[in-house]
Amino acid sequence: MKGPLRKAGNSVLLLLAVLVLNFALIHAAPGDPVEAMVGEMGGATPEMVAELRETYGLDQPFMIQLGRYLGRVVQGDLGHSLYYDQPVTQLVLARIGPTLLLVATALATAIGIGVVLGVFSAQRRNSLASHLVTVLSLAGFSAPVFWVGIMLILLFSVSIPLLPISGMSSSTQAATALGHALDVAHHLVLPALTLGLIYLAFYSRLSRTSMIEVLETDYVRTARAKGLSRRLVIYKHALRNALLPVVTFAGLQFGQVISGAVLVETVFAWPGLGTLAFDSILRRDTPTLLGVLFFSALMVVAMNILTDLLYRRIDPRIRTS
Amino acid sequence: MFHKSPKFLSGVLSAALATTFTLSAPLGAEPREGGTLTTFTSGYRTLNPAVQSGAATGQPGSQIFAGLVLIGEDYQPQPYLAKTWKVAEDGLSVTFDLVDDATFHDGAPITSEDVKFSLETVRDNHPFGQAMFGQVAAIETPAPDRIELRLSQPVPGLMRSLQPLLMPILPKHVYDDGQEIKTHPRNMENVVGSGPFMVEENNPAERLTLVKYDGFFIEGRPYLDRIVYPLVKDPLTRVLMLEKGEIDYAAFAGIRPTDAARLERAEGVEMTTEGYGALGYIHYLEMNLREAPFDDRKVREALAHAIDTGFLAKVIFGGRVAPGTGPLHTGNPFYSADVPGYAPDMEKAAALLDEAGYSLDDNGKRFSFVLDVPSWNPQAHGPAAEYIQAQLAKLNIDVELRRAPDFGTWVQRISSWDYDATMNGSFNYPDPTIGVHRHFDCDNIKNVIWSNTQGYCNEDVDALLKAAAVETDLDTRASLYAELQQRVQEDLVFIYMPQDYSVTVSSDKVGNAPDTPFGSLAPFTEVYVTE
Numbered sequence: 001m002k003g004p005l006r007k008a009g010n011s012v013l014l015l016l017a018v019l020v021l022n023f024a025l026i027h028a029a030p031g032d033p034v035e036a037m038v039g040e041m042g043g044a045t046p047e048m049v050a051e052l053r054e055t056y057g058l059d060q061p062f063m064i065q066l067g068r069y070l071g072r073v074v075q076g077d078l079g080h081s082l083y084y085d086q087p088v089t090q091l092v093l094a095r096i097g098p099t100l101l102l103v104a105t106a107l108a109t110a111i112g113i114g115v116v117l118g119v120f121s122a123q124r125r126n127s128l129a130s131h132l133v134t135v136l137s138l139a140g141f142s143a144p145v146f147w148v149g150i151m152l153i154l155l156f157s158v159s160i161p162l163l164p165i166s167g168m169s170s171s172t173q174a175a176t177a178l179g180h181a182l183d184v185a186h187h188l189v190l191p192a193l194t195l196g197l198i199y200l201a202f203y204s205r206l207s208r209t210s211m212i213e214v215l216e217t218d219y220v221r222t223a224r225a226k227g228l229s230r231r232l233v234i235y236k237h238a239l240r241n242a243l244l245p246v247v248t249f250a251g252l253q254f255g256q257v258i259s260g261a262v263l264v265e266t267v268f269a270w271p272g273l274g275t276l277a278f279d280s281i282l283r284r285d286t287p288t289l290l291g292v293l294f295f296s297a298l299m300v301v302a303m304n305i306l307t308d309l310l311y312r313r314i315d316p317r318i319r320t321s
Numbered sequence: 001m002f003h004k005s006p007k008f009l010s011g012v013l014s015a016a017l018a019t020t021f022t023l024s025a026p027l028g029a030e031p032r033e034g035g036t037l038t039t040f041t042s043g044y045r046t047l048n049p050a051v052q053s054g055a056a057t058g059q060p061g062s063q064i065f066a067g068l069v070l071i072g073e074d075y076q077p078q079p080y081l082a083k084t085w086k087v088a089e090d091g092l093s094v095t096f097d098l099v100d101d102a103t104f105h106d107g108a109p110i111t112s113e114d115v116k117f118s119l120e121t122v123r124d125n126h127p128f129g130q131a132m133f134g135q136v137a138a139i140e141t142p143a144p145d146r147i148e149l150r151l152s153q154p155v156p157g158l159m160r161s162l163q164p165l166l167m168p169i170l171p172k173h174v175y176d177d178g179q180e181i182k183t184h185p186r187n188m189e190n191v192v193g194s195g196p197f198m199v200e201e202n203n204p205a206e207r208l209t210l211v212k213y214d215g216f217f218i219e220g221r222p223y224l225d226r227i228v229y230p231l232v233k234d235p236l237t238r239v240l241m242l243e244k245g246e247i248d249y250a251a252f253a254g255i256r257p258t259d260a261a262r263l264e265r266a267e268g269v270e271m272t273t274e275g276y277g278a279l280g281y282i283h284y285l286e287m288n289l290r291e292a293p294f295d296d297r298k299v300r301e302a303l304a305h306a307i308d309t310g311f312l313a314k315v316i317f318g319g320r321v322a323p324g325t326g327p328l329h330t331g332n333p334f335y336s337a338d339v340p341g342y343a344p345d346m347e348k349a350a351a352l353l354d355e356a357g358y359s360l361d362d363n364g365k366r367f368s369f370v371l372d373v374p375s376w377n378p379q380a381h382g383p384a385a386e387y388i389q390a391q392l393a394k395l396n397i398d399v400e401l402r403r404a405p406d407f408g409t410w411v412q413r414i415s416s417w418d419y420d421a422t423m424n425g426s427f428n429y430p431d432p433t434i435g436v437h438r439h440f441d442c443d444n445i446k447n448v449i450w451s452n453t454q455g456y457c458n459e460d461v462d463a464l465l466k467a468a469a470v471e472t473d474l475d476t477r478a479s480l481y482a483e484l485q486q487r488v489q490e491d492l493v494f495i496y497m498p499q500d501y502s503v504t505v506s507s508d509k510v511g512n513a514p515d516t517p518f519g520s521l522a523p524f525t526e527v528y529v530t531e
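Chains as they are written, first to last, in this note's numbering: chain R, 1 to 321; chain B, 1 to 531.
Bear in mind the hints are in silico, worked out from the structure with no lab data behind them. Heads up, some of the hints might be wrong.
Unchecked claim - The following label-pair restraints were derived from C-beta to C-beta distances: (1) R:Leu155 <-> B:Gly134: 53 to 61 Å; (2) B:Thr472 <-> R:Gly71: 56 to 64 Å; (3) B:Arg297 <-> R:Ala17: 26 to 34 Å; (4) R:Ala17 <-> B:Asp124: 40 to 48 Å; (5) R:Ser259 <-> B:Asp225: 25 to 33 Å; (6) R:Val158 <-> B:Glu33: 27 to 35 Å; (7) R:Ser259 <-> B:Asp338: 51 to 59 Å; (8) B:Ala351 <-> R:Leu155: 54 to 62 Å; (9) R:Leu182 <-> B:Trp417: 54 to 62 Å; (10) R:Leu66 <-> B:Leu401: 28 to 36 Å; (11) R:Ser259 <-> B:Thr472: 56 to 64 Å; (12) R:Ala28 <-> B:Leu401: 55 to 63 Å; (13) B:Gly310 <-> R:Leu155: 35 to 43 Å; (14) R:Ala28 <-> B:Gly178: 31 to 39 Å.
To be verified - Facing chain R, from chain B, some residues (calculated, C-beta under 10 Å): (15) Ala138; (16) Asn187; (17) Asn203; (18) Glu246; (19) Ser375; (20) Phe407; (21) Gly408; (22) Arg413; (23) Lys446; (24) Trp450.
Stated by the list, open to error - Which residues of chain R face chain B? A partial, calculated answer using Cβ under 7 Å: (25) Ile26; (26) Met41; (27) Gly43; (28) Ala44; (29) Ala143; (30) Val158; (31) Ala269.
Backbone N, C-alpha and C fix where the C-beta goes; we use that ideal spot for every residue, glycine too.
Kindly produce the complete structure, drawing on both the sequences and the hints.
As structure tokens, this is what we get:
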């Protein structure tokens, strides 16, 4: 019990550090939210500027602002968006769903296809097909994400008009829940593919290397000697162990994938946390940005705990130790 | 003053409105009732134009809220919520009679009290509220359908400020509840407007959908059932969506001149640069006039001779924009081309710099400065800044480009006067008192963005501004503004860059696309789609 408790305590401290550090970093940047707001309004009188600073408490010293903010967070209040004029929690919770859907679909695609390609490539190490998988994977990994996005739009939305260019659903509201789900799925294909392509390369290479390593271990040799079929050896005995590093990296990479989602969401106008974070940076909407960063950190912490649990499930040695 | 039956009035208003639009659908096509127009939004913080300027709020805002008048092609006011008006001979009062039976989207009647409340709200909360209505000394509401504005001095641009973009009619019963109007929750949730369309879905993360208001005060209008504004922030994505027909109509779309050729080739797509005159977006090189070297007019003149804005307009912007000649947009009724010109002449520029005492130093340089490049409108500012850097290098002037990572950083530098020079741009707005005076008025040298941040003060120019602000005779006013344009070009307060490439793209299925000076910021009462 000590372990999980210590982990929970560490997680709380980590989240607090994320908040304080981000608050300080944003505060250190030149300009303040009111200047950005006034710029967007097309100008304002000095009196109006002073009034806005007072309204948002920005006329107070840094430590007072930080103290007030942390005090509210402890009470479960992440503040009020300066741009959307809505509670940050409400705003962020509305955007988490689309981001999780995008990230989970992209990761599932990348891991699913990546592992299949990796296993295939490990079995035919020096074949033409294996080299082709390597080249295609690396191309996907090297290409800038926004470029891949635009290219996919040009191919699948403009040249072959199969998929929508942007957004998460069509403007005409679907009559049924199933219709809406299908509409969202239709819109999800391109952004998820764009994001997934980056990680597909990584997981195919990782599972290939891991599989090659496992295939050369004694227990696999024993399984073969026992006369088990090739299929059984690979998918029952070898793959389970070969998946361990994949699961580890999937957990560790979660935060990175969320960062990647910022660009993908911007290109495809996907209404998730990424676009919210990006817009909040440009607008100096400090409470919203801090809220997004807080929830992102929370998701990464949760993902790490989930990875631990998955690890125990896949590897009985960890479970019993 | 006259009063007519609502039916007759509706006909008059419809006819008046029809004159403010031109046909872009197939010739002879009859306006069709129903249908959906899909446009786009780049994101908005509020739907209430009373507290926010700019196109992002103004485009949907002018559909949700009505104004007292509309502005026609000739910049003359036309009836809208006000069916008639009378200006007193001394120009110090205006009386408006409102149309009968007009209602807000919640069914409550629109009365003179709502108009009074709206005007006071705009005056006190809109960034240009004081410039537009600061001279309104009193507002009388002798009857629910009559309102009288009393002015402390004549305000020649008053009527142009009374259309929906700048003076939306707000429901007093919703907003007058003691809450701060700038952050009032009803600016975004359960919005109750007075215009032809009402909010059906407001999801700023994804889309805004407006639907026809059946109780709109002009009978038989609007034609459209629905206007949809999906959020599309990336200009390139907008181009592709226009090409593919996912967007029917796009104004203020940030389309680059280089992308225009692609759209021109697309089937069923029409483009126009009309409809931007009232806002008049201009670009300029702003120099901090408080400090050397730009406190010396000779240096500014040297730069004006070195920067060939004709080349920028023709080559860099593909010949699709007018070279800037002064503080007024070419679409502004007071625009004058009769201003001092500074022909491209590098030799003269070098001689002027020598005269100003900026000869070559031991390192072969004259001077160096930092040129700030804002993050907004990169398609205009980026190429212009790079061209200026290259041109001035020929004069042995080192220009360091400082690209702002975001809007706030740039605003902070300029509004605190902590800069050498910056690429900049601003809107004229329908009357120079709103968008032009602010840059030259000695009293407006303030730490506020888009004020007189460069620190220019000339008593003669100030006198011109004061005279033009109250001059009611159109010709005399035009001559005052002509002189103003000459004077600021003589003083080289700014070096004007080519005008903005403002273009509206629409599908050929869109009929009566608005092309008045307010363009997409005018109500879409007459717009229809053919399929």
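### Message
Taking the Cβ atom of Ser259 of chain R and the Cβ atom of Asp338 of chain B, is their distance within the range 51 to 59 Å?
### Response
holds, 55 Å
### Query
Range hint 31 to 39 Å: satisfied by the CB atoms of Ala28 of chain R and Gly178 of chain B?
holds, 37 Å
### Query
Taking the least C-beta to C-beta distance, is Ala143 of chain R closer than 7 Å to chain B?
Violated: closest Cβ of chain B sits about 17 Å from Ala143 of chain R, beyond 7 Å.
### Restraint satisfaction for Ala44 of chain R [CB to CB of chain B, less than 7 Å]
Constraint on Ala44 of chain R satisfied, holds at 5 Å.
### Task
Starting from the hint 55 to 63 Å, judge whether the C-beta atoms of Ala28 of chain R and Leu401 of chain B obey it.
violated, 23 Å
### Task
Hold the hint about Phe407 of chain B up to the distance rule: shortest CB distance to chain R must be less than 10 Å.
holds, 5 Å
### Query
Should the hint that Gly43 of chain R touches chain B count as held when the rule is a Cβ pair under 7 Å?
holds, 4 Å
### Message
For the hint 27 to 35 Å, verify it against the beta carbon of Val158 of chain R and that of Glu33 of chain B.
### Response
Given a distance of about 32 Å, which is inside 27 to 35 Å, the answer is holds.
### Message
Does the beta carbon distance between Leu155 of chain R and Gly134 of chain B stay inside 53 to 61 Å, or does it fall outside?
### Response
holds, 56 Å
### Message
Assuming the hint says 40 to 48 Å, is it satisfied by the Cβ distance from Ala17 of chain R to Asp124 of chain B or not?
### Response
holds, 43 Å
### Query
Holds or violated: 56 to 64 Å for the Cβ distance of Thr472 of chain B and Gly71 of chain R?
holds, 57 Å
### Task
Take a look at whether the Cβ-Cβ distance between Ser259 of chain R and Thr472 of chain B falls inside 56 to 64 Å.
At 59 Å between Cβs, range holds.
In summary, the structure is inconsistent with hints 3, 5, 12, 15, 25, 29 from the numbered list given earlier, while agreeing with the others.
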